[in-house]
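Asker: Each chain is listed here by its residues.
Protein chains: 2
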Amino acid sequence: MLMMRHFRMRAIKCPRTALPLLYPSSQNANRKKWHHIHSSAVTSYPRCELTSVRYNVDRGKFSQVCQEDIDFFINLLDRHRVVLEESDLEGHNTDWLGMVRGASSVLLKPRNTEEVSAVMNYCNQRTLAVCPQGGNTGLVGGSVPVFDEIIISTSLMNEVENVDKLSGVVTCQSGCVLETLDQHVAEYGLMIPLDLGAKGSCHIGGNVSTNAGGLRVVRYGGLHGSVLGVEAVLASGEVINCMSAMKKDNTGYDLKHLFIGSEGTLGIVTKVAISCPPRPKAVNLAFLGLQTFEDVLHTFREAKAKLGEILSSCEFIDRSSMECVELNLKLRAPIDPHPFYMLIETSGSNSDHDEEKLNMFLEESLGSGQVSDGTVATEPSRMLYIWSIRERIAEALIHEGYTYKYDISLPHKDFYRIVENMKDRLGDSVIRCCGYGHIGDGNLHLNIVSKEFQRDIVNLIEPTVFEWTAEVSGSISAEHGLGFKKRNYMHFSKSSNAIKLMKQMKMLMDPKGILNPYKVLPEM
Amino acid sequence: MLMMRHFRMRAIKCPRTALPLLYPSSQNANRKKWHHIHSSAVTSYPRCELTSVRYNVDRGKFSQVCQEDIDFFINLLDRHRVVLEESDLEGHNTDWLGMVRGASSVLLKPRNTEEVSAVMNYCNQRTLAVCPQGGNTGLVGGSVPVFDEIIISTSLMNEVENVDKLSGVVTCQSGCVLETLDQHVAEYGLMIPLDLGAKGSCHIGGNVSTNAGGLRVVRYGGLHGSVLGVEAVLASGEVINCMSAMKKDNTGYDLKHLFIGSEGTLGIVTKVAISCPPRPKAVNLAFLGLQTFEDVLHTFREAKAKLGEILSSCEFIDRSSMECVELNLKLRAPIDPHPFYMLIETSGSNSDHDEEKLNMFLEESLGSGQVSDGTVATEPSRMLYIWSIRERIAEALIHEGYTYKYDISLPHKDFYRIVENMKDRLGDSVIRCCGYGHIGDGNLHLNIVSKEFQRDIVNLIEPTVFEWTAEVSGSISAEHGLGFKKRNYMHFSKSSNAIKLMKQMKMLMDPKGILNPYKVLPEM
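Chains as they are written, first to last, in this note's numbering: chain A, 1 to 524; chain B, 525 to 1048.
FYI, nobody ran anything at the bench for these hints, they're computed from the structure. Take every hint as true, because none was put in to throw you off.
With a straight-line Cα cutoff of 27 Å, these simulated DSS-like cross-link-like pairs (lysine-lysine) come out:
id, chain 1, residue 1, chain 2, residue 2
1, A, 306, B, 830
2, B, 805, A, 281
3, A, 512, B, 1027
4, B, 1030, A, 503
5, A, 306, B, 805
6, B, 1036, A, 512
7, A, 506, B, 1027
8, A, 165, B, 830
9, A, 423, A, 405
10, B, 830, A, 281
11, A, 500, B, 1027
12, B, 585, B, 1027
13, A, 165, B, 937
14, A, 506, B, 1024
15, B, 929, B, 975
16, A, 281, A, 165
17, A, 423, A, 330
18, B, 1030, A, 500
19, A, 503, B, 1027
20, A, 512, A, 61
These figures come from a predicted structure and were not determined experimentally.
Bound-form chain A, shown alone (with noise of 0.2 Å):
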């Protein structure tokens, strides 16, 4: 019954933002509230094509789950926490956007990593595979199975164990999802430096296996940098403790990063202990638009150079992104029309400071005419209302069919070429090809869209865009990950050493592949 209405739940919601696909109208909508709401518009999973007949996978060489392994999990873990029915299962087979569908039949839930663990013992013994899930908000494929793997679900491991107030470090299981995380910390005037669309639905131990990014890097830095400990558990079940809450540790290699960024093929995150920065007091959001891209850059230049260290965000949006937003979520820009957009973001201690670099910043921006126009939004429902545009342009791209997504990083002059260099590849073939993201961190959004998903669409896209990207020393996968739709063009960032070290590094830790196989390592 809890997982009916789990499920229930999911499939009135975005997924990934937690919010009603069909969202309301309402520039003061405040967004505690839309996570309330719930929509008459029962909005159902798309089901698209099982992932290993559209991609044509051959079935690794793992045992099938037989009554006795069922037996097993229910004897360790309660009946209510071994999922077995199809309906309940469906939208942990298939990941949000309707890319890809696994056709798992169990799904377990442990609470704790001595759950895990058992349960990674059993499966390493009986060769069965696993898929590591998190708030499946991924967007590469990572975060579903691709044929019947086991589904370890991290939704009932969101305890958090214990924040200090003086030197910042959160520790907690990995199931808490991000935004109930952000929320427990803001009480000690703390937050999470990490922030993303999907934050009301993922959970924190899968942003750490798949290094989310998000809207903070340019002032907060990469998981990397932030994620103090980890507990992970290998396939053998074994567990490896790293949960320093110390900010400097030089003990031995730092095995933690293995498991940050991946993506639960190397063991399931159970715990992490993060350092939080101080909440802000003062924040503000500027809302720009701009008549070209070369503008986009000599603006970013100036936020870097006159906002210094109160830069918290700074983001880019394309005409076309926008008009998408605007035509199938029904929100509005808060200017005219643009051909680019630029959500400039400031959080300091001191809101008059605060405010003073960013009129001056403003002032000069609009006075050399390198932006044409702009808002400023300090009340924290305006804010949130701009975000949400910038947030949600996934999720409006899924109104308008099946979305070919592109994560990309691009030194800055290359940002938006790639862009129209694929309008013009690509033509009338599609609905839409727009561009949006984070340029703070030179990371690029190139999303395609066409009414259903087509091979020859996907043949004139790949491996062009991968291509142009190795060209200019960029990064096939800026934070998305590899998951399972960008493992086999890895070779375009990394070197063919380092993709052998890494099966190497594969082989030692799971040597029979079961930890969430078919993903992040390149099939040849």
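For this one, chain A is given, so just place chain B on it according to the hints.
Answerer: Relative to chain A, chain B alone:
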């Protein structure tokens, strides 16, 4: 001849700070000038007992260097880059503290990655052990050989390849001296997000290999966060190129982290890419006197809250450390004697704003009595003078005899108790027992001095200090690493499963164990 000159320069200066060991007292001395002072009082390297004898180490089953090997190296690198003379090798066989001494008879000076690769390929085939060496400023005996390991110096690999002003990323070879590199990026309005007392000598590759911490971690985080790319040569000679200059790159396992902090035991770092923040336009430094350690903690808490994003350093010095500096280096504290001192630095983009924040913080701290006395420096020479007090404590200590150095992370509530307990335990058996360090990071430098090395004093300190640290879940090496001296204490901070995995990784990546043997991993 080049080597002779090189060695002579090292001999008259403190090799860690590159400052004369007998420093002329001058409040207005400029640091750049200091580096060029050639003191007439030549202080030679302390010639301590051989490490292998003092610590009763068994030599590994490595080949011994023969004439054929020398011929190969000379053929590869030319004669002048193969150092064979005992007098030239002395400074490379010994650490600057005079704690450890090896007996290498060959030092190689490759100029590029290809040469390092060729050397390693040869050494691996011949089973010749090597010791990678940067500026040899380490504090745990990690950068000098234990027996006759071939020293591979990065001193000629000091080319800066590129600085991208907009993204702030610098790419360079690993032998760049930290301070020189920082001066180079300063021309682009950037700074290296790492600063430490040894900046004038240490190499960036050594910093990366040891995951050096230093004075500004509280603001800029550690190197796992700011290093974007690493190129390293494996024991086999294979080159692992992870030299991304992108801020975000989630394409597979992030191998660069294997080389950050593994102290040259998994590979030799040949190039790095570092994300540099904008160089601050305004810097202020407050030097404070406090009566109790409780006041220190309270002041740190207030500094975090009130200075927020501009707090760039928060250091702590106890009375005994200050006495040592005053006595041996003739530096004078800028305020009257206090039981405790703090250095609080702000860096920001607007001097008026920063000064206002700092003044508000200081007024409240002085008003509440938490801080008894203080002075603020804004002019560079004055700030350098105050910083030199903090940075040269390690150097001052060696004037008094042999220093037993401990570098531990502790929860703030336990931070200073360990110094007091150790003072009680050691009583009159030692000359000095003092504590200083990075209070902002929870990182204490506990230092004990006796006239010369005494085994019975070591036995009074160890393993007690590690046991105390482990009891409060601290780290027995916060930033110095394990090197040779701390390797057998790893179990106080790492679980047996974690140590087992580290050993497996070492076996995978360096099956013959030729890379910096006797370091990092425990013997048993």
